[in-house]
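Letter by letter, the chains look like this.
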Amino acid sequence: MNMKIFSAVTKGAVKSAKSYSLAITAWLITLIMIWSASLILRAGFNSLLGKSMISDSLLGGFDLSILGDLGYRIAPFISSLTLTTVFLLVFGVLLNVFFAGGFFGRFTSEDPDFMISDFFKNAARYFFPYLGVAVVVAVMILLWGGIVLGLPLILTGAASKGTAMMRILMKILGVIFILGMPILLLVVDNARTWMASTGIRRMFRAVGAGFKATFKKFLKNYISVFMVMITSIVLSVLIVCLLKNSVPEKGTMIFLFFILTQVIALLKVWVRTWRYATVTELVSEKNQY
Amino acid sequence: MFPLYGQVILRTPLSPRLTGYDINATLVPDKHIVSGSVKAYWINPSKADVSEALLHMYMNAFKSNKTDMCTEGDWSAAGKEGYGWIRIKTIKDKNGTDLLGNIQYVQPDDSNIDDQTVLKVTLPYAVKPGDTLWLDMTFETKLPSPIRRTGFKDDYYFVGQWFPKFGVYEPAGMRQRPADGWNCHQFHENSEFYSNHSVYNVSVTMPANYVAGSGGKLMSETKNSDGTKTLTWRAEDIVDFAWTAWPGYKVFTDRWRDVDITFLTSQPRTDQVERQISSLKNALEYLDKNVGPYPWPHVTFVDPPTIGAGAGGMEYTTLFTSASGDHVPDELRMPEMVTIHEFGHAYFMGIMASNEFEEPWLDEGVNSFWEQRIVDHYYGNGYGLLTLPFIRCSDLGFSRLQYVSDRSRTAATNDLWSWNYPHGTYGVMSYSKTAMWLHTLQGLTGEETMDHIFREYYRRWAFKHPSGKDFIDVVNEVVKKDLGNKYGQDMNWFFDEVLYGSGICDYSVVGISNNKTTGYRGVVIEGDSIRIEKPDRKSDTLTCSTVKLERPGDIVIPVEVLIHFDNGDEVREQWDGKARTKDYVFNGIHEVQWAEIDPDNKVPLDVNRVNNSYTLKTNKKAARRMMDKYVTLMQLMISTITL
Numbered sequence: 000m001n002m003k004i005f006s007a008v009t010k011g012a013v014k015s016a017k018s019y020s021l022a023i024t025a026w027l028i029t030l031i032m033i034w035s036a037s038l039i040l041r042a043g044f045n046s047l048l049g050k051s052m053i054s055d056s057l058l059g060g061f062d063l064s065i066l067g068d069l070g071y072r073i074a075p076f077i078s079s080l081t082l083t084t085v086f087l088l089v090f091g092v093l094l095n096v097f098f099a100g101g102f103f104g105r106f107t108s109e110d111p112d113f114m115i116s117d118f119f120k121n122a123a124r125y126f127f128p129y130l131g132v133a134v135v136v137a138v139m140i141l142l143w144g145g146i147v148l149g150l151p152l153i154l155t156g157a158a159s160k161g162t163a164m165m166r167i168l169m170k171i172l173g174v175i176f177i178l179g180m181p182i183l184l185l186v187v188d189n190a191r192t193w194m195a196s197t198g199i200r201r202m203f204r205a206v207g208a209g210f211k212a213t214f215k216k217f218l219k220n221y222i223s224v225f226m227v228m229i230t231s232i233v234l235s236v237l238i239v240c241l242l243k244n245s246v247p248e249k250g251t252m253i254f255l256f257f258i259l260t261q262v263i264a265l266l267k268v269w270v271r272t273w274r275y276a277t278v279t280e281l282v283s284e285k286n287q288y
Numbered sequence: 000m001f002p003l004y005g006q007v008i009l010r011t012p013l014s015p016r017l018t019g020y021d022i023n024a025t026l027v028p029d030k031h032i033v034s035g036s037v038k039a040y041w042i043n044p045s046k047a048d049v050s051e052a053l054l055h056m057y058m059n060a061f062k063s064n065k066t067d068m069c070t071e072g073d074w075s076a077a078g079k080e081g082y083g084w085i086r087i088k089t090i091k092d093k094n095g096t097d098l099l100g101n102i103q104y105v106q107p108d109d110s111n112i113d114d115q116t117v118l119k120v121t122l123p124y125a126v127k128p129g130d131t132l133w134l135d136m137t138f139e140t141k142l143p144s145p146i147r148r149t150g151f152k153d154d155y156y157f158v159g160q161w162f163p164k165f166g167v168y169e170p171a172g173m174r175q176r177p178a179d180g181w182n183c184h185q186f187h188e189n190s191e192f193y194s195n196h197s198v199y200n201v202s203v204t205m206p207a208n209y210v211a212g213s214g215g216k217l218m219s220e221t222k223n224s225d226g227t228k229t230l231t232w233r234a235e236d237i238v239d240f241a242w243t244a245w246p247g248y249k250v251f252t253d254r255w256r257d258v259d260i261t262f263l264t265s266q267p268r269t270d271q272v273e274r275q276i277s278s279l280k281n282a283l284e285y286l287d288k289n290v291g292p293y294p295w296p297h298v299t300f301v302d303p304p305t306i307g308a309g310a311g312g313m314e315y316t317t318l319f320t321s322a323s324g325d326h327v328p329d330e331l332r333m334p335e336m337v338t339i340h341e342f343g344h345a346y347f348m349g350i351m352a353s354n355e356f357e358e359p360w361l362d363e364g365v366n367s368f369w370e371q372r373i374v375d376h377y378y379g380n381g382y383g384l385l386t387l388p389f390i391r392c393s394d395l396g397f398s399r400l401q402y403v404s405d406r407s408r409t410a411a412t413n414d415l416w417s418w419n420y421p422h423g424t425y426g427v428m429s430y431s432k433t434a435m436w437l438h439t440l441q442g443l444t445g446e447e448t449m450d451h452i453f454r455e456y457y458r459r460w461a462f463k464h465p466s467g468k469d470f471i472d473v474v475n476e477v478v479k480k481d482l483g484n485k486y487g488q489d490m491n492w493f494f495d496e497v498l499y500g501s502g503i504c505d506y507s508v509v510g511i512s513n514n515k516t517t518g519y520r521g522v523v524i525e526g527d528s529i530r531i532e533k534p535d536r537k538s539d540t541l542t543c544s545t546v547k548l549e550r551p552g553d554i555v556i557p558v559e560v561l562i563h564f565d566n567g568d569e570v571r572e573q574w575d576g577k578a579r580t581k582d583y584v585f586n587g588i589h590e591v592q593w594a595e596i597d598p599d600n601k602v603p604l605d606v607n608r609v610n611n612s613y614t615l616k617t618n619k620k621a622a623r624r625m626m627d628k629y630v631t632l633m634q635l636m637i638s639t640i641t642l
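First to last, the protein sequences are chains A and B.
Take the first sequence: its letter number 122 is residue 121 in numbering that gives the first Met the number 0, and every next letter is one higher.
Take the second sequence: its letter number 490 is residue 489 in numbering that gives the first Met the number 0, and every next letter is one higher.
It is possible that part of the hints are untrue.
Some, not all, of what chain A presents toward chain B, calculated at C-beta under 8 angstroms [what the hints assert, rightly or not]:
#1 44
#2 46
#3 62
#4 92
#5 112
Cut-off 25 angstroms, straight-line C-alpha distance, at most; resulting in silico cross-link-like pairs (DSS-like, lysine-lysine) [to be verified]:
#6 A:50 with B:601
#7 A:50 with B:581
#8 B:79 with A:249
No lab work stands behind these hints, which were simulated from the structure alone.
Glycine residues also receive a C-beta, built at the ideal position from the N, C-alpha and C atoms.
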């Protein structure tokens, strides 16, 4: 069975690697969207500082005390930043749902000449049902988080048992939460695979099919997706460490820092497609529907 | 009980000990009452007879919604059980004469008859100069809830301002007072306290399972047969006596030189013990070195649990309360900041004992100045309050942020009595603005002279109730001695601006221009010949550079201006800051690239540092890096929430 687990994961990796151009397309479109918005924010921030050299003092890290010096002008900038962030999150997620249609179309297609136009055609075709499936499973994830993380923390916090115990509890609960996530990811990916394979764009039927496929050969499915998910988490942790601890000051280093983070971001996109491909591979191996 | 006049803890008295209190009290938890007896004495320090005594009855501030504290603020009782009050049941003089008919509540600050926080005792005979007045009282104090510095919540008690306490009798001349009189203000929302250095013998009986701490040294603990215990404390030369009791306290002890440290905290916060105690030791070390010795052999501090949070952040000389939370990350040094601040009050409220009612800046602002120096010295490489790789804040910076971002920062001068600050400006004026102009004073005089000022202030005025004018006199004397006439005959001009004025300080570089100096261009008339002369372009090699400065603010402070040329040369100019505009003109072959007012951040009073500098080539790297991080963060967030 071990070999079979690795077989699905490996084939999924190969399949997604072969579709590197689609991953790059997805990454690039998202990057352009975010970067365009950030240009406007950057211009706004630079106009706040004007010809002042106070920006030099920010090179060592953002000094909170500068907020007072920026005075009332900071308020509109903060509003813009907030709105832009919300806008980007919403549209970014919608964009990824859109791309998911294209990826699942690619990974379930037998056509060796799958074109980029087919990618976008599938993406458009399955956008709304995929969005519905994503929303349903997202609600399930929130419930899962609320039960596993929220309730125990609230109860422990109220009892005030001490910081050390809270920290231990948070770690244990965090692990439990992560261990449960592959199941829900399997449900959503299997649902999407079912839709792409059958052509039936019925949301709740797809979710039902997703559950069924998930618990058929559960262990193999779970371990495969778990491995890919862990890889994605590692990349996320790497990005967070870089964002938190890197404070490049020279122009070249800032540029290299950006390149490095984008390489990791691209890898994250690819790992997500790897998961999609792995699940489609698991389904096709055993005709799980 | 120990004799009030005797030496038990200290070898010699630190203060004149004009007052003393012998208190026997019992805590009745089911009624939230502390009742008992107090034998109090007061020595007449003046040259005149005094025929009345004024006492603080602070706890009556919680008696109704009509007291000054409640009408000026937002405290309201938690149900019927929440009200607080104090009443004198019996009062006699040393001869046993009943004085109960001689007491009445008075309102020296306003006409609010519902405020009963000052009690006048009309004496049947005058107290002669140097004589002692003894008052033998029984009293009952009901503690309030929610806790506002003092009070109870469930089985948690913090007991402050709980007994009848003499005001301060100020002879003429003391604190520039024109005539003798009692200084005994009502208790206001924003006021703190003022009292003589006293000796305290305090015995409190409480349930045996309570863990207690106080500002005194524990002399004995006796278990009683009825399930209670009696704790006896002694405190010498402190201005206030408070205590706390709660079954859930955990007690930790340590020592700094010959000072015994006792720390009371709650179970969830025991992982902060080390950082709390080490912050206290840092404060002891720093103030001992730069201001003066800590004169008592003991200090107790408390980090109240969440239910007692209302008692946090307050000082009672040898007892103070810190403020923290159950989960405070190491990078955020709020617990250290509060501990250092509240301990610092032992110097400026405890040793100097200035009048916090009338000159809150002289305690809170001065103490904030020292707290910021200490926190930024010991933590975070100058960013003492918050230190993360991508975001940071110094304690001074945080205080400055509070000042510069307050919309009402010009609403008042800095010398008002505490309850007279309008529009909620008490906090920003007493704490932040004062700290900023003290840092600015340090910027002008240098740290060495500033330390000299405070050492002299301590030496001259410890245990003597200085006024703001006394402090200014010390500043004038020391600055003159150390710096001569560098800033004029005295520094009164500085205090006129920052303490007695309400303006803001703001200096600005508004522009830089670099113009090529051209040769003569114009008409040349030689006899009958009229011609137009144009300069040879090759001769345009000189540049006339102008750095344009302005003073948009009202406060005038001499400032430094650093001017940087394109060849790397720099010039540091001294501007007296008086004129509204100032131009620095340079003729040469190099151009000015940037200019900065106050490059060394010696004037934190300046409300806008963004306009302190001007450059012809802006450095956008920081903005670029921030936005690059923002882009990556958004990608991460989108990919995380995408399924």
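Now for the hints, and whether the structure bears them out:
The interface hint given for residue 44 (chain A) is met, as the beta carbon of that residue sits about 5 angstroms from the closest beta carbon of chain B, less than 8 angstroms. A distance limit of 8 angstroms between C-beta atoms decides the matter here; for residue 46 (chain A) the minimum to chain B is near 10 angstroms, and the interface restraint is violated. The interface hint given for residue 62 (chain A) holds, since its Cβ lies 6 angstroms from the closest Cβ of chain B, which is under the 8 angstroms cut-off. A least Cβ separation of about 5 angstroms between residue 92 (chain A) and chain B falls short of the 8 angstroms threshold, and the interface hint therefore holds.
A cut of 8 angstroms between beta carbons decides the hint on residue 112 (chain A): the least distance to chain B is about 28 angstroms, and the hint is violated. Taken as a hint, the residue 50 (chain A) and residue 601 (chain B) pair is honoured in the structure, with Cα atoms around 22 angstroms apart against an allowance of 25 angstroms. Restraint check for residue 50 (chain A) and residue 581 (chain B): satisfied, since their Cα atoms lie roughly 19 angstroms apart, inside the 25 angstroms limit. The suggested pairing of residue 79 (chain B) with residue 249 (chain A) is violated, with an alpha-carbon distance near 65 angstroms, which exceeds 25 angstroms.
Of the numbered hints listed earlier, those contradicted by the structure are 2, 5 and 8.
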